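First to last, the protein sequences are chains A and B. Residue numbers are given in this note's numbering: position 221 of the first sequence equals residue 221, and the series is strictly consecutive. Going from the second sequence to this note's numbering is simple: count from 1 and add 1000.
Simulated from the structure, these hints should not be mistaken for laboratory data. A couple of the hints might just be wrong.
Computed from the model, here is a short list of chain A residues facing chain B with C-beta under 7 angstroms [said to hold, decoys possible]:
id, residue
1, Val30
2, Ser141
3, Pro322
4, Gly364
Given the structure is predicted, the values throughout are model-derived calculations rather than measurements. Even for Gly, the Cβ is constructed at its ideal location relative to N, Cα and C.
As a plain string of letters, each chain reads:
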Amino acid sequence: MTRYLIRQFTISLIKLFVFLTFMFFFIQIVMPGDFVDQFAMGCDAACREEMRVQLGLDLPLWNRYFHWLGQVVRLDFGESMFGEPILDIFKRVIPPTLLVFVIGTVLAFMIGLWLGKVTSWRERGIGSRLITLGGLVLFTSFPPWLTYLVTYLVTKGGVFQVVGGRGGLRGPNFTGLDRLLWQKVELSPSEVIITMMICVVISALFLFLLKFIYERLTKSKVPTLMFVFLIGLWAVSGWQMWGIDDLAFDIMTIAYIPMVTYILLAFGEFMLIMQASMRDVKNSEYVQIARAKGLPESTVRDQHAARNALLPVLSRLVISLPYLITGVVIIESSVGWPGLGTNLWNALYWQNMPVVMNTLLIVGIISLGARLIIDVIAAYLDPRIRYQDFQTNHT
Amino acid sequence: MDPIPSNHLEKAYNYYRNGQLSRASQLLVELIKHDPGHEEAWYLLSYVLKDLDRQIYAVQRVLRINPLNQKASIRLRKLSVLREEEDAGETLSSETAEGSPPQVTRYTEWTRDQQITDHGFSHTQRLKFRAHNFWRRFKMNWNIFAQSRLAILGLILVFIFGLLTIAYPILRNTVWASSVYDPITGFDMKVFPHPVPPGSRHLLGTDTLGRDVLSRLLAATPHTFVIGLTAAVATAIVGTLLSMAAAYFQGNVDTAITNLADVFIMLPAPVMMVIIGTRFREISPFVLGLFYGVLTGAGGTTLVMRAQAIQIVSKPFMEAAQIAGGGGRHIIFKHLLPSLLPLAALQMMVAVTGAVVADGFISFFGITRTISNWGTIIYDAFIYAGISGTGVPWYSLVPAAMCFSLFALGFYLISRGLHRVASPELRRR
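Given only the sequences and the hints, what does the whole structure look like? Please build it.
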């Protein structure tokens, strides 16, 4: 297992390197002229030359490329067009995105799997058909439109951008929060979100451990719904202990809008893949044998069929990950949630190319990280993957 | 047992050329009685016999003795075509009718070139044979496809959108006055105030600026089709070529292609499209579609199709093709490609949906105003609602959003139907 993990990690690093290279040259093509040409309008030729030397634009392309690569390795992303260090911008906008993306994906995944499991087991029922059709419609709807509908229903005919605006030169910020509450504290919303996330992750890990031990000792199952509820309860009490519960709840009052939209948009895909995957295993012999043993139908479904149907869904998830991230980016900017996506549109609007480039970079890194996590889960679930040759990783 | 007279075969050929078929068959039967595995005797017998079924049987015997006998296999194909024609009641067959018997050359006179180029078919017959085969396969696949009612619904949806595409130029040139129905500058003076709800004058109402919603939707349809179809074709070509190369060469090529696909997967294609659309404002839908198609084709499509291609390559018939002396190009395009086509079609449908929605984003966020598509209509609806403060104009918003959903749904449903065609393991259930 360790060897497998080390190898996966090394390969990821190589992929990241290729990705960075591609990104660099893509932006070189997309940029009109160079930075000086475009933004130093009031300068004469000599002044422009001086600026080029100052910014290092007189160097040949490969030289700039390695310089930039070195900077990225040291996590120095440079400055935005308006002088703010990009790292600071990212510290502000990445946590909100991660909050929506991580919690949304996990919830959408669980809902999608559960619905897919149930509907494919009773394929002919009218309920199953309705759920499948609903999933199809949600999955194929135009994301901004869906965002609008959710916002409209939640705010009962209110404004489109409830959560915040696109923002000015300095990027988006939270405008939907309770100002009086946040004036009293030193913390910024992003710092609170980071603390919230840490609470959730720690409680989830800890409860997983407890669940594992409990199930080993008593040989019984903990219901998933109860488990999720427990994690939520545990996380909320964690917020309380940290003393950020007011702030956290205030954030959650607006964060649920992008989250709900994202779940609505994403669960359909998981459900459809799970259905197809369940159909494959449903009539296989070991499922028949499990039924012949006299096990209850729900046990056959959950313990025998669904567990094996999960693997294709995971390998499919790898392919759809970037689209999920894109979905978050789109939803964020339609609703004005001040994360990576809104920041990206803002930067595009102001032609803020350094921010655009590094946002793409971060999106790539996030999808790579999520990819690694999925690989680990898949390797944990299926021992064959661990011992498999690297080349047949995707089959 | 008597020894076989060595000139029996020679005599039989002579009898055959002279038209004395019964004597020839006598000799041949004698020969076969002595040696049931006499390949050439069976082969000649297939010409000597008169009944079509018996001829087929004789050729089948030849092939059982020597499966690599090319002339015999070509003859078998030809005979089975004749058989089917006869079954269908057509008497196009030239061979069974009386007249001069077809030329049969001795085995020793066969050249390698003759074995390969002499199909024994006329050009039209060959075409007919192919068309027939294609039609049979198509009917089979269609039956599988049509089992799913949703897939048919998808086909109908796409067909309707196709009709709309054709309808716009016709309507513009005949019924619709350009002062009212221009998608950008149209304004209906006779109605006040705008927007008006759907009615007999404007089927889907007008938007805040007084433009007819239906004409705007129709005007955007060709654009959408161009983007979607370009992306689909590009995805299919790139994905198929890469996955076939990976599956055929394996080893290092496979590793390189898979990892490259992993890198491409990290690039969020819709976001990249928006960036491109922002920078090159006059970009044509063709280039946008191409860009999307190449990005997704080299990424996700390659990964999905490679898995399938690897499975196909490991099947026994590929080995047989290799042993029979098929070169790389022959194996890739004659054996691997046909098996991958249904999956490629499936990926094409998925790409259409993705590309069209991604194209909508470019306009929806109002970053570029030169592209006129359904996203523009939605964007306009929100912007004018904000400016005029009259609330959201549902008349223009809902149809545009529905167009997106129905277009994507149509292609997605087709892809679900194709999925059944592409994966035989699903059919049994």
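Here's how the hints hold up against the structure:
{"no.": "1", "hint": "Val30", "in the structure": "holds, 5 angstroms"}
{"no.": "2", "hint": "Ser141", "in the structure": "holds, 5 angstroms"}
{"no.": "3", "hint": "Pro322", "in the structure": "holds, 5 angstroms"}
{"no.": "4", "hint": "Gly364", "in the structure": "holds, 4 angstroms"}
Hint compliance for this structure: no hint is broken.
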